[in-house]
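Chemist: Residue numbers (the working numbering), protein chains in the order written: chain A, 1 to 330; chain B, 331 to 671; chain C, 672 to 1242; chain D, 1243 to 1622.
No lab work stands behind these hints, which were simulated from the structure alone.
Be aware that one or more of the hints could be misleading.
20 Å max Cα-Cα, derived EDC-like pairs, lysine to aspartate or glutamate [stated by the list, open to error]:
1. A:K243 to B:E449
2. C:K1240 to A:D190
3. C:K951 to D:D1582
4. C:K951 to C:E922
5. A:K243 to B:D481
6. C:K951 to A:D190
7. B:K413 to A:E237
Covered stretches of chain A (chain C as the covering partner; in silico rule of three or more C-beta atoms under 8 Å from a C-beta of chain C) [claimed, not checked]:
8. 33-39
9. 312-318
Ranges between beta-carbon positions, derived for each pair [unchecked claim]:
10. C:G1074 to D:T1478: 20 to 30 Å
11. A:L6 to D:P1531: 33 to 43 Å
12. A:L6 to B:L395: 53 to 63 Å
13. B:P473 to D:F1526: 50 to 60 Å
Even for Gly, the Cβ is constructed at its ideal location relative to N, Cα and C.
Each chain, written out:
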Amino acid sequence: MLSFSLRRTLLAIPLLLGVATLVFFVLSLAPGDAASIYLRPGMTPETLEHIRRSMGLDDPLLIRYGRWLLAFLQGDFGYSHFYQMPVRDRILAALPNTLILASGALFFAFLIGILVGVLQAVKEGSFLDSVLSGVTLFFYSMPSFWLALMLILFFSLSAMKLWNWPFSFPVSGIQSPGADLLAPWDQFRDRIHHLVLPTLTLTLILAGGVARYVRTSMLDVIRQDYIRTARAKGLPETRVIMKHGLRNGLIPVVTLFGVYFPFLLSGTVLIEYVFAWPGMGQLMVESILRKDLPVVLAGTFLFGGMVVLGNLLADLLYGVVDPRIRQSDG
Amino acid sequence: MSLLEIQKLRTHIRTAGDDARAVDGVDLLLEEGESVGLVGESGSGKTLLALSILGLLPEGGGAILPGSSIRFRGEELVGMGGKRLREIRGGEVAMIFQEPMTSLNPVFSVGNQILEAVELHRPLNRDAAKEEMLRLLGEVGIPDPEARAGDYPHQLSGGMRQRAMIAMALAGEPSLLLADEPTTALDVTVEAQILQLLKRVQARMGMGLLLISHDLNVVSRVCDRILILYGGKVVEAGPTQKILDAPIHPYTRGLMGSRLSFDDRRRTLRPIPGEVPEATDWPRGCRFHPRCPEVMDRCRREEPRLLPGTERKGAVEVQGGAPGGGRDVRCWLLAGEEGGA
Amino acid sequence: MRRSLSLLSLVALSITACVGESGDGPGAGLGDTFCGPALARVDSFMATFAGEEPTGGRYGGMVVVGTVADMHGMSPRAAGDVGSAQHQQFVNLMTLIEADESFDPMPYLATSWEVSEDRTELTFRLREDVYWHDGELTTAQDVAFTYLTVINPASEYPNPGFFQHYLPGEEGVEVVDSFTVKFHFQPHADILESWRGLAILPHHLLGDVPTEELSTHPYGAVCPVGNGPFRFVSRAPGESWTFQANPAFPEALGGRPYLDRYVYRVIPTQTTLLAELITKGVDVYVQMLPNHAATAREETGLTVLSFPYPAIFFVAWNSRVPELSDVRVRRALTLGTNRRQIIEGVQGGEAVLLNSGVPPVHWAFDPSLGDSLPYDPEQARSLLIAAGWVDRDEDGIRENLDGEPLVIELIYNQNRERQQVGEIMRVQLRDIGVELRPRVMEFGAYMSQITSEERDFEGAFVTFETGFRLDDRDLFHSDAVDGLWAFAGIMDPELDRYLDTLQLIPDRVEALPVWRAYQNRLLQLQPYTFLYSALRRDGVNERLQDVVMDPRGDWATIRQWWIAPQDRKTP
Amino acid sequence: MGRRAGFLLPGLPQLLRGRVLGGGFALFLWLGLLTLAVTRFDRVRGALLGDLDDWIALLTLAMVLGGVWLWSFRAGRRSMVTGRGSGEGSPGALGQGWRAFRRNRMALLGLGTICLFYLAMLLTPFLAPFEPEFREAYEVGGDMTRRLAAPSSVHLMGTDEFSQDILSRILYGSRISLTIGLLAVGISVTLGTFLGAIAGYWGGLVDTAIMRLVDMVMAFPRLVLLIVIVALFPTTIFIVIVALAFTQWPSTARMVRGEILALKEREFCEAARALGFSRGRILFRHLLPNALGPLIVVATLGIGNTIVLEAGLSFLGLGVQAGTPSWGSMVSDGRDYLMDAWWVATFPGFAIVLAVLAFNLVGDGLRDALDPRQSEGARR
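Take the sequences, apply the hints, and build the full model.
Modeler: What follows is the structure, encoded as structure tokens:
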């Protein structure tokens, strides 16, 4: 089981290289000269030539590809011409921001999603179930950027101007400017404050999906014989659901986690854009638009890596929650 | 005061259309230490009856109708809820189910699941509870309890799983055990072992036992008395031996005919024709009449009452003892005696 | 296998990176060996001012400026981006001279300058009290180094045209003494403007760096060490730049700026930026959308500063294309476009109609020119008929004799303003029987199409930020017709003559008639349909005092900005 | 009497028989369309001389008016004969699914909404109060005060910065948004089914090759891949559809492959093999129809997903060519006016949410109806 997962993961590395190669050629062959982005009125052709050279665009495509591949395999992701720093540094600056945002959102999404899903399954067919179904489907159907804009309107602008709330949530960035001068505790609070709206947006959208999934899975579980057994044992209902039901209901949800895990990096693209969250999503979009090829390639590889990692994680988690699988590798 | 006294139990299942009258006025009496068998084809309402006792009807699916009464040692169980009901469940009244594979939670070890029941119903500390759990495993005949306790249900054989189920049921030291088709999913040799086990623990612990099965054979090996259920109603009830020796109701006779037994090889297998109708759509008159080989006009019109059965009208010889010899039958074939009420 | 491990390790590394500052990983490379020591020296130099700094009164507080795009930094190549250029000029670095409110040159790093009689020599005398933030003095050596660097195309400096008439290489510059530097060149009308834009670089830090490596050197974007009023503190790429007041800034230039801290923040969505301005998360919203300005004006505590800016917006018609080679067609396109209405609709009326590339802030701007080609669809139609374009099949679009419809494709990169103008022009030109097809392109592809030799386009939206020195030779001169910037591709001897002459007349009074003639000639030729020069709008929180914004730029007066003590946020 | 009622008013027979949902919908539809035809008679008559769009609208109007009437009349008559309206059709898997589906109120509501959306899309020339490009403010002698006008009786949903009527643009925009969803999913499902079926059925090297390709595309976050494609190539509707389709087919392929693998082991497949049918025949005639249920579910849910993605692309300014209204680009255009003219972005946003919600409701309903395991649970 584990060895199977590991082998699959190792097999994924050439796969990811293949993906990055694809991106390399798509970006390189797309119309327009990447260097011409840096053209400014009054610039001379000689300068353009130098820009092209320093971006490594003066060589034939295949040589460029070979050079990129060689460096890439050695862990050198190249140089971001737009940000004027090594890609590695640029990505290392963006990655933690995205991870913090997305992992928080994933945590809350699964927490809320599981609670709501279980509640719905327990109260199946009730008014509460219908209402919650409607609400989760509503958020599930909503474009994330749209929700983000609405939340800004409600929780920041209206909260402050119309409703006179004592505080409003910051609408952009990961911390207030000058937060480095604050006491550590206030710095922490400031960061949490900034996390509220983006996390809420992501959470609402993700939680809808999780809840729908959990509800289905729990409905299936609740009808199982062992739930009846647990009740016949005299266990209190909460314990029946939360121990015997949930533990089984979560097994398929683990797959969902495998699907959502790559979200840690890529799923936040639009939300980062709206909330000016300096993370991977924003970096990728800007780099694609600026044809900052090395950043796009490294990012792609990383994103793909997350998908592979997500699958591996789902496999491992499957083993943790389902003894039938854990034991099958003997 | 009887251990279990069921009166006029009516349990209906809600469906999109008419309610299904799955259990429709059953009376049952079970004394301390007595073992009673409940026999009927699938769809006769026997499982639902057992579930009704512990209030385990599927949520939103089934309901016990007003006027029904289930008394356990005089305590009314119908409408009971909360803590007391949970104390009774698994404590004073335990239940084992048909499919040990699906009835055991696949993600917890069997030891864990038994331990849970022990801790719930017995005032033991953790170590003592563990001790007790291992003892129970040994009691139900699982070899090497220490090792097996850590096993998950899927790692055990069918027989072992059912033993574990029984151990779990015994954890609360119940005075009544409801066994719903405990051997159906098992092969014949294992079935015999499990029945023996049930019999042994019942005797040792002095429990009352309600054994539910579609197989008259199985029940007759364990039980003192037998109730035959058809269409949610008792059609014949009486001491095991009497029913085996002289079945009166055509349905009982049908069941006897369709059973396969080792000790009675002379008989050929004669299954009852047709199927149990939907519980939403019982036929008028006697519920068995569409399948009855001895159907009469009256059967189609009127529903028979449950009467003390002594003899059979017609060609069949009358067996058994004195009138009212502890046997009740619901059939118009007996109507002659009553004078056609 | 070892290699793939190094790939995987990136993920692991990144997770731990939340704790430590980025840049201390092994991959930081040069950034580590250069930046670490450089910033340490800055810190220790600044520490010597502890306690001596002026406090109280106007001193103190932090200001946050929000923009939609990150800036490139302080390297010469970054000067192509307006935000970076302004930070080089006004914030982190210094230029030799400044402009005052009326755009006359003013001493800055240079105390005085002198132009030789024959206009071939320019001598700067530098201040002797300007320190780089790491404690080194700024000297003539730095100026000479900067000049030599930027005239080398390898530096990727975007405006080498400034120094085209200078003697090549080392012949052009002469270090007279530590604080005197002299330049040699061919005579030219505008001598000083180049030096208002070019920020001086530290020779002691970058002197050893090969010029071609300068554009990738960490100095520019990771750890710039300047000599301007604010010193660099930190940068979170894609997020913010943080600067701190420079206590060593010369007293004669105003000394230490009032603000303690200045933060440049990146917020890519303008709606979010407006929300931040309203909720007081940022103090300045640079380059507001017109309707955002209207919203902000209604808020209490906010002002919107709008000021003319030397930027021009036009449609370049490629006259190499047969349909557009006819001046009557180009003229009809301009006449058929209701530009006043476009200004009203797209810029909320806050723009000046143009009929030449001379922006309103330039001294040679002729306000009367704006009325020269008023919206006149009637005249446009007759011009088109005269040019042989008649709607022969009555589908609303004109055709020529061969039956080819008058369809013109207009390309532009993704940008809200351009999209809006393109849509409006389409509606308006349809009225005179021309089908305009606006087409959005990715920026790189768009730039390639308008600058490459093929010139595979018909019409293109272009915006130029011009500065105060105008030299249109690369746009319209016959000699430059194959150059990058000759979008229109027109060749006109009369225009050439004006363009050549203009570069040689230093006296404005003398030059003005030539400028007039040049602009009139453009009007006749219509290589472009000039649209407008929009006002720039910045939303400013009123707690920020003495903010003046004018054509010099958004940050030109940052040294005087101050915040009253009660308005300062408690950091 | 019921028969005559059917002649008079479609839906009435059903209503009289207590079938409120179906009858009510038919009645509402019929009366609504009739009102439309009468109130906008000029426009409808003008359509006779109009272009293709007009003709499609005309045809739709006629067909739906006639169709509803016919359905109601015939269904009414049949129910007179048989006593019950249902009971038609063979009880195949899909037929059973439909019956289960019909019991799901929310799903029916979703289906009704989708029908209305598409109907509105087809009838746009008659429904829209204004032309798609009604840039009155910029026409000769235009009135600039009509720009960004708040919702009023003239402009029910207000106007945008070009003085265009938002409601009309939402209607015209539905063509792009709803068609993109349908086409992209159509292409991706076809492609995914084909490749998935081949991979699942043939196995071996073909399977490996196709599944590696699937892995490769799936190793990419979809939105990022879309941005790469759409950002770098001219954004025509064609590119957007192709990009959306080519990023979605792998999940369909994976699902179909799984279904086929499972079905392959079933008896009827072996029976077909034993009868000597060709591989292609077995695959397309015997296996695929059995995988149809999950496919329909995936497709329905996929359409909603695709509409959201298109909106996301448009939000980044990468969607369909500017100037052509699509809901996503309308939201994107309106986001700058969020604080002074909320209606510009809000109404198209609602259109997106509503359409996606409807598709998801139907998808959910279909899944419940077509998955026997779950539907049994729902019935219990």
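Chemist: It remains to establish, for every hint, whether it holds in the given structure.
Modeler: Each hint, compared with the structure:
1. A:K243 to B:E449: Status holds; Cα separation ~15 Å.
2. C:K1240 to A:D190: holds (14 Å)
3. C:K951 to D:D1582: holds (18 Å)
4. C:K951 to C:E922: At roughly 32 Å apart (the allowed maximum being 20 Å), E922 (chain C) and K951 (chain C) break the hint.
5. A:K243 to B:D481: holds (18 Å)
6. C:K951 to A:D190: holds (15 Å)
7. B:K413 to A:E237: OK: K413 (chain B) and E237 (chain A) at ~11 Å, within 20 Å.
8. 33-39: The restraint on the segment 33-39 of chain A holds, since 6 of its residues have a Cβ under 8 Å from chain C and three suffice.
9. 312-318: Coverage by chain C is violated here, the residue count being 0 at a Cβ distance below 8 Å.
10. C:G1074 to D:T1478: 20 to 30 Å: holds (26 Å)
11. A:L6 to D:P1531: 33 to 43 Å: Given a distance of about 39 Å, which is inside 33 to 43 Å, the answer is holds.
12. A:L6 to B:L395: 53 to 63 Å: Since the Cβ atoms of L6 (chain A) and L395 (chain B) sit about 60 Å apart, the hinted range of 53 to 63 Å holds.
13. B:P473 to D:F1526: 50 to 60 Å: holds (55 Å)
Figure legend: structure checked against the earlier numbered hints; hints not met, in rising order: 4, 9.
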